[in-house]
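Asks: Sequence:
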Amino acid sequence: MEGNIELTIIIPCYNEEGNLEETIKRISLPENLAYEIIIVNDGSQDKTKEIAEKIVRENKKAKLLNFAENKGKTLGLKEALSHAQGKIIIIHDADLTVAPEYISLFYNQACKSEPTFFIGTRFKFKIEKSTMPLKNLISNKITAKIFSLLLSQKITDTLCGTKLFPKELIEFINFSSCRWPDFDLIVAAKKAGLTIREIPVRYSPRKYGTSKMKIYPDSWQLFKRLLKAIWELKI
Numbered sequence: 001m002e003g004n005i006e007l008t009i010i011i012p013c014y015n016e017e018g019n020l021e022e023t024i025k026r027i028s029l030p031e032n033l034a035y036e037i038i039i040v041n042d043g044s045q046d047k048t049k050e051i052a053e054k055i056v057r058e059n060k061k062a063k064l065l066n067f068a069e070n071k072g073k074t075l076g077l078k079e080a081l082s083h084a085q086g087k088i089i090i091i092h093d094a095d096l097t098v099a100p101e102y103i104s105l106f107y108n109q110a111c112k113s114e115p116t117f118f119i120g121t122r123f124k125f126k127i128e129k130s131t132m133p134l135k136n137l138i139s140n141k142i143t144a145k146i147f148s149l150l151l152s153q154k155i156t157d158t159l160c161g162t163k164l165f166p167k168e169l170i171e172f173i174n175f176s177s178c179r180w181p182d183f184d185l186i187v188a189a190k191k192a193g194l195t196i197r198e199i200p201v202r203y204s205p206r207k208y209g210t211s212k213m214k215i216y217p218d219s220w221q222l223f224k225r226l227l228k229a230i231w232e233l234k235i
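The working numbering puts the first residue of the sequence shown at 1, with every later residue one more than the last.
Some hints could be false.
[As the list claims (entries may be wrong)] Ranges between beta-carbon positions, derived for each pair:
1) 59 to 82: 15 to 25 Å
2) 208 to 175: 43 to 53 Å
3) 33 to 82: 18 to 28 Å
4) 134 to 57: 41 to 51 Å
5) 207 to 145: 25 to 35 Å
6) 234 to 28: 40 to 50 Å
[To be verified] Computed cross-link-like contacts, EDC-like style, restricted to lysine to aspartate or glutamate with a CA-CA straight-line distance of at most 16 Å:
7) 190 to 114
8) 63 to 46
9) 54 to 21
10) 78 to 21
No lab work stands behind these hints, which were simulated from the structure alone. Just so you know, even glycine gets a beta-carbon here, dropped at the ideal spot from N, CA and C.
Let the hints inform the model, and build the full structure from the sequences given.
Replies: Dropping the structure here:
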């Protein structure tokens with residue numbers, strides 16, 4: 001099947017023992033579709049690694065990339081992309097805040113479109129106050145406004161964990177030192193000349209675990225990456 005894989009699904013996870021197995025089970029794609037699942041365990045301290053190993057034993061489409069220490073989502077994604085074989089790549093977080101069923105919706109949209117960078121947007125539907133802290137909401141709104149200027153089009157969500165793009169985008173990605181790769185991907189999409197489209201997704205409260213984004217250190221990293229993006233894309 002190598003070389004003929006249509007879709008690579010990258011599932012980043014860190015301490016997602018309560019969510020990972022359900023995430024994989026709820027991926028619903030046609031039986032005849034050649035796809036692979038790359039689970040990236042970023043140094044989890046719970047039973048995520050053991051659960052991922054069980055999934056790989058039972059699911060021939062699944063592979064595991066395991067980091068002994070937490071490296072951050074960016075380095076995990078960079079490693080996963082070096083292994084990705086699919087013509088189309090989708091990233092989807094393992095926290096179940098965005099339903100895994102959206103993977104098939106994103107893929108179907110990609111099949112109907114010219115090469116496109118698809119971003120999930122969580123702000124087309126009402127979000128419960130308990131689901132996203134106010135500080136996260138405000139910072140996301142601000143970065144979305146800035147990227148709207150940089151891209152010369154309206155963007156409402158830059159940090160949704162569900163994004164899809166053609167494999168050709170990889171050569172345009174310049175990964176930064178920021179632990180979160182979202183801005184790296186958006187900048188690459190612009191440089192690659194891809195159409196950028198948003199797909200509305202419903203954002204739900206976590207059932208298990210806690211958010212991995214730490215508002216102060218991560219916001220500072222994202223702010224520095226945003227300044228770099230402004231320089232790279234030059235309003």
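Asks: With reference to the structure, classify each hint as holding or not holding.
Replies: Status of each hint after checking the structure:
1. 59 to 82: 15 to 25 Å: 21 Å, holds
2. 208 to 175: 43 to 53 Å: 29 Å, violated
3. 33 to 82: 18 to 28 Å: 23 Å, holds
4. 134 to 57: 41 to 51 Å: About 42 Å separates the Cβ atoms of residue 134 and residue 57, which means 41 to 51 Å holds.
5. 207 to 145: 25 to 35 Å: At roughly 31 Å between Cβ atoms, residue 145 and residue 207 fall inside 25 to 35 Å, so the hint holds.
6. 234 to 28: 40 to 50 Å: 42 Å, holds
7. 190 to 114: 15 Å, holds
8. 63 to 46: 19 Å, violated
9. 54 to 21: Holds, at about 9 Å.
10. 78 to 21: Given pair residue 78, residue 21 is violated - Cα atoms ~23 Å apart, limit 16 Å.
Checked against the numbered hints above, the structure breaks hints 2, 8, 10 and satisfies the rest.
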